[in-house]
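Visitor: Line order of the protein sequences matches chains A and B. Counted from 1, the first sequence has number 245 at position 237 by my numbering; the numbering is strictly sequential. Counted from 1, the second sequence has number 120 at position 112 by my numbering; the numbering is strictly sequential.
Don't take each hint at face value.
Stretch-level coverage of chain A by chain B, calculated; a stretch enters the list once three of its residues show a Cβ under 8 angstroms from a Cβ in chain B [said to hold, decoys possible]:
1) 92-99
2) 124-135
3) 159-169
Each computed SDA-like pair below joins lysine to any residue, with the alpha-carbon atoms no more than 20 angstroms apart [said to hold, decoys possible]:
4) K150(B) to D104(A)
5) K159(A) to D90(B)
6) K150(B) to G129(A)
Just so you know, the hints here were simulated from the structure itself, not pulled from any lab data. Glycine included, C-beta positions come from ideal geometry on N, C-alpha and C.
Number of protein chains: 2
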Amino acid sequence: MQKMMVSLGERSYPITIAAGLFSDSASYWPLTAGQSVMIVTNETIAPLYLHSVIEQLFTLGIQADSVILPDGEQYKSLTILDKVFTALLEKPHGRDTTLIALGGGVIGDMTGFAAASYQRGVRFIQMPTTLLSQVDSSVGGKTAVNHPLGKNMIGAFYQPTSVVIDLDCLATLPARELSSGLAEVIKYGVILDQVFFEWLEQNIDALRRLDKKALAYCIKRCCELKAEIVAADEREQGQRALLNLGHTFGHAIEAHMGYGNWLHGEAVAAGMVMAARTAEQLGTFSSSLTERLIALLLRAGLPVKGPHQMSAEDYLPHMMRDKKVLSGELRLVLPTDLGQAEVRSGVGHDTVLAAITKC
Amino acid sequence: MQKMMVSLGERSYPITIAAGLFSDSASYWPLTAGQSVMIVTNETIAPLYLHSVIEQLFTLGIQADSVILPDGEQYKSLTILDKVFTALLEKPHGRDTTLIALGGGVIGDMTGFAAASYQRGVRFIQMPTTLLSQVDSSVGGKTAVNHPLGKNMIGAFYQPTSVVIDLDCLATLPARELSSGLAEVIKYGVILDQVFFEWLEQNIDALRRLDKKALAYCIKRCCELKAEIVAADEREQGQRALLNLGHTFGHAIEAHMGYGNWLHGEAVAAGMVMAARTAEQLGTFSSSLTERLIALLLRAGLPVKGPHQMSAEDYLPHMMRDKKVLSGELRLVLPTDLGQAEVRSGVGHDTVLAAITKC
Ligand SMILES: NC(=O)c1ccc[n+]([C@@H]2O[C@H](COP(=O)([O-])OP(=O)(O)OC[C@H]3O[C@@H](n4cnc5c(N)ncnc54)[C@H](O)[C@@H]3O)[C@@H](O)[C@H]2O)c1
Ligand SMILES: NC(=O)c1ccc[n+]([C@@H]2O[C@H](COP(=O)([O-])OP(=O)(O)OC[C@H]3O[C@@H](n4cnc5c(N)ncnc54)[C@H](O)[C@@H]3O)[C@@H](O)[C@H]2O)c1
Ligand SMILES: [Zn+2]
Ligand SMILES: [Zn+2]
Numbered sequence: 009m010q011k012m013m014v015s016l017g018e019r020s021y022p023i024t025i026a027a028g029l030f031s032d033s034a035s036y037w038p039l040t041a042g043q044s045v046m047i048v049t050n051e052t053i054a055p056l057y058l059h060s061v062i063e064q065l066f067t068l069g070i071q072a073d074s075v076i077l078p079d080g081e082q083y084k085s086l087t088i089l090d091k092v093f094t095a096l097l098e099k100p101h102g103r104d105t106t107l108i109a110l111g112g113g114v115i116g117d118m119t120g121f122a123a124a125s126y127q128r129g130v131r132f133i134q135m136p137t138t139l140l141s142q143v144d145s146s147v148g149g150k151t152a153v154n155h156p157l158g159k160n161m162i163g164a165f166y167q168p169t170s171v172v173i174d175l176d177c178l179a180t181l182p183a184r185e186l187s188s189g190l191a192e193v194i195k196y197g198v199i200l201d202q203v204f205f206e207w208l209e210q211n212i213d214a215l216r217r218l219d220k221k222a223l224a225y226c227i228k229r230c231c232e233l234k235a236e237i238v239a240a241d242e243r244e245q246g247q248r249a250l251l252n253l254g255h256t257f258g259h260a261i262e263a264h265m266g267y268g269n270w271l272h273g274e275a276v277a278a279g280m281v282m283a284a285r286t287a288e289q290l291g292t293f294s295s296s297l298t299e300r301l302i303a304l305l306l307r308a309g310l311p312v313k314g315p316h317q318m319s320a321e322d323y324l325p326h327m328m329r330d331k332k333v334l335s336g337e338l339r340l341v342l343p344t345d346l347g348q349a350e351v352r353s354g355v356g357h358d359t360v361l362a363a364i365t366k367c
Numbered sequence: 009m010q011k012m013m014v015s016l017g018e019r020s021y022p023i024t025i026a027a028g029l030f031s032d033s034a035s036y037w038p039l040t041a042g043q044s045v046m047i048v049t050n051e052t053i054a055p056l057y058l059h060s061v062i063e064q065l066f067t068l069g070i071q072a073d074s075v076i077l078p079d080g081e082q083y084k085s086l087t088i089l090d091k092v093f094t095a096l097l098e099k100p101h102g103r104d105t106t107l108i109a110l111g112g113g114v115i116g117d118m119t120g121f122a123a124a125s126y127q128r129g130v131r132f133i134q135m136p137t138t139l140l141s142q143v144d145s146s147v148g149g150k151t152a153v154n155h156p157l158g159k160n161m162i163g164a165f166y167q168p169t170s171v172v173i174d175l176d177c178l179a180t181l182p183a184r185e186l187s188s189g190l191a192e193v194i195k196y197g198v199i200l201d202q203v204f205f206e207w208l209e210q211n212i213d214a215l216r217r218l219d220k221k222a223l224a225y226c227i228k229r230c231c232e233l234k235a236e237i238v239a240a241d242e243r244e245q246g247q248r249a250l251l252n253l254g255h256t257f258g259h260a261i262e263a264h265m266g267y268g269n270w271l272h273g274e275a276v277a278a279g280m281v282m283a284a285r286t287a288e289q290l291g292t293f294s295s296s297l298t299e300r301l302i303a304l305l306l307r308a309g310l311p312v313k314g315p316h317q318m319s320a321e322d323y324l325p326h327m328m329r330d331k332k333v334l335s336g337e338l339r340l341v342l343p344t345d346l347g348q349a350e351v352r353s354g355v356g357h358d359t360v361l362a363a364i365t366k367c
C-alpha cells in the first residue's frame, strides 16, 4: 500500500493506493455508521464495481444510495449534473451527506462539482477507476462540467475528503485507456523528474501488464509531483502551466478530429513529441532526448505523430484559440531537458510548422 | 454616503451606500479601462437602470455586455443560469472578466453562483436594487439557484468584490417589495439590537417615504449587524441561525400559499409575531414587547397574522420539514428580549398551535 497527503492546510487530504481497496472497509474513512452517502457512477462502471462498494458501506452501517449516469464525455453537462441533484433531493440527502465519485475523470469532475454545489458544499470521496484520473484528477481540486461552447467551463476548485485508488480496477480498463493514462505519467517525467523518466524506461512493460507494485509506485509518484506543483500554485497562475506539456498541440488534434476519436492521452502523446521537436528547432532540446521520449511512448502503446488526415497547417488555427495565447502570441510549454520544461512565448509559426512536419 | 467593510480576511470587500451611485464612475471600482464586464439583470430592471450602468462603464473604457433574464423566482434555476454561461462564452469572456449583478435577490443569487462557477471563479460586483437584497444578500456570500425539489439547493459560498447600493433605485420598487425588505430590517432589531429597534420606531415613516439619510443609515446598520454574525460563523453552524427568526413560520406560509403569493418579507413578518407569541407561551418574552413589534410591523405596511385561509394545524407539517428540525424535534428561533433571541429545541406542538391561534 502507498499512502500520501496532499497538503493544503485545512483542506489537506490523503490518497491511498493499493489493490483491493474498494472491498476494504478501512477505505471509507471518514464515514461512520449512520451517515448517508450518494455514489455517483456510470453505466459501464456500475456493473463492475458498484456492488462491492455498496456492500462495504452496508457492512459499516452506512446508508448508500447511488445514481448511475450515462457513460461519455458528452454527458459531462449541467443537464446530466442535475440528475445528481435530483437523486440527492429525492431522498433527501442533507448537508451532512457525502458523495462518492466511482469512475474515471468524467465522473470525478462531475461529482466534485456536484459536491461543491449541493447545498453549497458537501463532502466527497474520489474513487478514480482510470489510470488518467488516478494520476491527474486525484490532485488539484479542479471540478467541472462542459458547456456546448467550451470544455470544463463551469466548475469549482473543490478538494475531496479522501482519494482511494484501487489498483484492481485497472484490470477491466480497456488497453487504449490505460495507454492514454500513461501519456500523462510520462509527461510528469519529462517536465519534472528525470529519475522518474528513467524509472519508466525500466518499468513501462510492468505497468502495461498491471504489475501492482510498479503501478502503486508510479501512481504515487505522479500524485506527489502534481501535488508539489499544485501546492505552489493552487489557482493556476504560473508553474502549473508546465502540466500542459503537449496539450496545446493535443487539443488541436482533439478538436480537429472531433472529441472522442483520439483519446486525450493519445493526443497529448503526439503533442509532446511535437513540443520536443519545436524545442529542437529552437535549439533548446536535443534530438537524442526526443528519440528517448518517442521510444518510451511507443512502448506505452501511444502514437508519436498526429493523425495522417491532419496537415501541419491544420494545427495553428486551433492552437491560436488556446487559453494560453496572450494577445495573439503563441505560448507553448517546451521541454528543455529530461525533467525540465519552460513556458515559451512568441514561438514563430514557421518553427511550429517545421516541428509538426518533422513528426 | 455610508461605507463599510465586510471583514473576511483576503475575501474582505466594501459596501458603499448612497444616492446616485449607479451613475457615478467611482462606483465601478476595481474595474479599469480595457477590462470586460457582463451585466446580469432582468426584464423589469433593464429598462430602468441598465442604460446608466453601461454608460458609466463605457466612459471608463470598459467593454460591457449584458444578459437580460426573465423576472421571477421561478427562473432562479440551473436552466436559466445556463443562459449566463452561454452569454459569457459567446463573446467569449475570459477568466479575467467581472460579472455585475444588477437586480434584487434573485439576480444577485444567480449572478453570484454564475461568478463562482464560470471558469471556476471570476469576480463579481453586487448592485442590489431591492431593499431586501440590500440588507440581506449583500452580506454573507450565499449564492444559489433553486431546484424543483428545493429552494437554494444548488450554490456556493462566494464573496463579491464590492457591493454598490444606489438608494435612488428604491424609488421604482413597488411598495409591497419595500415593506417586504423592512420585515428583514425589523428582524435585525429584534434579534440583535434594541437601540436599532428603537431607532426604527422613530424612523419607520421616513424609511417608507424613502428619506435618503434614514435609508443609508438603516441599510448600513443592517449590513453591519449581519456582517458581525457572518464573520463569527461564515459557514452557518451556530449563531447565524438567529437570522432565521420568523422564517420557520414564514416558510410554512410561503409553502402553503404557493411561493410568490405572499412575499418573503410578509411571511417573515407574520412569522415573527408567531415566534414572539410562542416565546410568550413559554414565559420567555413579554406580551408588551410583542405589541411593540406588531405596532412597528403594521407601520411598515406588513401583515401581523397569517393568511385567513390557513388554520393553525396547517403550519406544523410544513414546519416539521424545515432544515432546522433535528430528529423530529422542532427547533425555533425565539426572541427573549428586544435585541435578543435564542434557538430553542423541543418546543411542544401545542405551544406552537396556541401561539399561532393567538395571532
Ligand atoms: N479534474 C482534473 O484535474 C482533471 C484532470 C484530467 C482530466 N480530467 C477530466 O477527466 C476526463 C477524462 O477522464 P478519463 O480519461 O478517466 O475518461 P472517462 O471518465 O470518460 O473514462 C474513460 C472510459 O473508461 C471507462 N472506465 C472507467 N474506469 C473503468 C474501469 N475500471 N474498467 C472499465 N472501464 C472503465 C469509462 O466508463 C469511460 O468509458 C475529462 O473530462 C477531463 O476533462 C480532469
Ligand atoms: N444570498 C442571500 O443571502 C439571500 C438573502 C435573502 C434572500 N435571498 C434571495 O433573494 C430572493 C428574493 O430577493 P428579492 O426580494 O430582492 O426579490 P426579487 O429579486 O425577485 O425582486 C423582487 C421584484 O422587484 C423587482 N425589482 C427589483 N428591483 C427593482 C427596482 N429597483 N425597481 C423596480 N422593480 C424592482 C424585481 O424584478 C422583482 O420583480 C430570493 O430568491 C431569496 O432566496 C438571498
Ligand atoms: Zn491532460
Ligand atoms: Zn429572509
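Visitor: Each hint should be assessed against the structure and marked as holding or not.
Guide: Okay, the hints, checked on the actual structure:
1. 92-99: Check passed, 4 qualifying residues.
2. 124-135: holds (count 6)
3. 159-169: The restraint on the segment 159-169 of chain A holds, since 5 of its residues have a Cβ under 8 angstroms from chain B and three suffice.
4. K150(B) to D104(A): Answer holds: K150(B) to D104(A) is near 18 angstroms, not above 20 angstroms.
5. K159(A) to D90(B): Holds, at about 14 angstroms.
6. K150(B) to G129(A): holds (11 angstroms)
In the structure shown, no violation is registered for any of the earlier numbered hints.
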